[in-house]
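Peer 1: Let the sequences and hints guide you as you build the complete structure.
Heads up: the protein sequence lines correspond to chains A and B, in order. For what it's worth, the numbering used here labels the leading residue of the first sequence as 1, then goes sequentially. For what it's worth, the numbering used here labels the leading residue of the second sequence as 1, then goes sequentially.
Restricting the straight-line Cα-Cα distance to at most 27 Å, the calculated cross-link-like pairs of lysine-lysine (DSSO-like) are:
#1 A:Lys-60 - B:Lys-42
#2 A:Lys-68 - A:Lys-56
#3 A:Lys-77 - A:Lys-60
#4 B:Lys-42 - A:Lys-68
#5 B:Lys-42 - A:Lys-52
#6 A:Lys-77 - A:Lys-52
#7 A:Lys-113 - A:Lys-60
#8 B:Lys-78 - B:Lys-57
#9 A:Lys-77 - B:Lys-42
#10 A:Lys-68 - A:Lys-52
#11 B:Lys-42 - A:Lys-113
#12 A:Lys-56 - B:Lys-42
Footprint (simulated), chain B over chain A, 3 or more residues, beta carbon under 8 Å:
#13 41-47
#14 94-101
#15 104-111
Just so you know, these hints were derived from the structure itself, not from any lab. For glycine and all other residues, C-beta sits at the position ideal for the given N, C-alpha and C.
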Amino acid sequence: GDSVTQMEGPVTLSEEAFLTINCTYTATGYPSLFWYVQYPGEGLQLLLKATKADDKGSNKGFEATYRKETTSFHLEKGSVQVSDSAVYFCALSGISSNTGKLIFGQGTTLQVKP
Amino acid sequence: EPEVTQTPSHQVTQMGQEVILRCVPISNHLYFYWYRQILGQKVEFLVSFYNNEISEKSEIFDDQFSVERPDGSNFTLKIRSTKLEDSAMYFCASGGAVSGTDTQYFGPGTRLTVL
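Peer 2: Right under this line is the structure:
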């Protein structure tokens, strides 16, 4: 079945460092891909998404490119801030389901130190 | 900006008791979901709901679970006889369309603790 794998955390960075959180997926066909973020004490918020191969999703300085050839959707940011400290979830919505259900990775905790 | 709300934020119950978790989805959305996250594990899909019926459910969603949209605004998840392993964060989500490109909006979650 469809699945998502994320890099293990926590990831600890200094402010203004470059961020990469790896995400790979297994799915039939061309799923839609998402990054959600969970700030402490809050729910999941959509950060960005991409719906077809080679699409780049971007928001708040974060980017991720849908790579079909490597089945990846890595999250990047050029310069992280303390306020980016959160848990980041990669997810897919596959064609094997007709209800739009999301399949999540295990989440990666990011800690940014001043 | 519209948002999904959930109540209560934290529910503590004794094993074997029934609990009802409540959600108010975004008002013009048509598709509703429950997910759960056991501490330290992945967010897992439980059930999707459309047009007043379940459209898909996972293996986790057994006969102890049920969902209902009792009126035009609330969406509830009932666990009839809670077990220790039901302790988790439960997230409600809603979306405007079922296509995989559509965004699901999540509530803040209800932390369920079964003692």
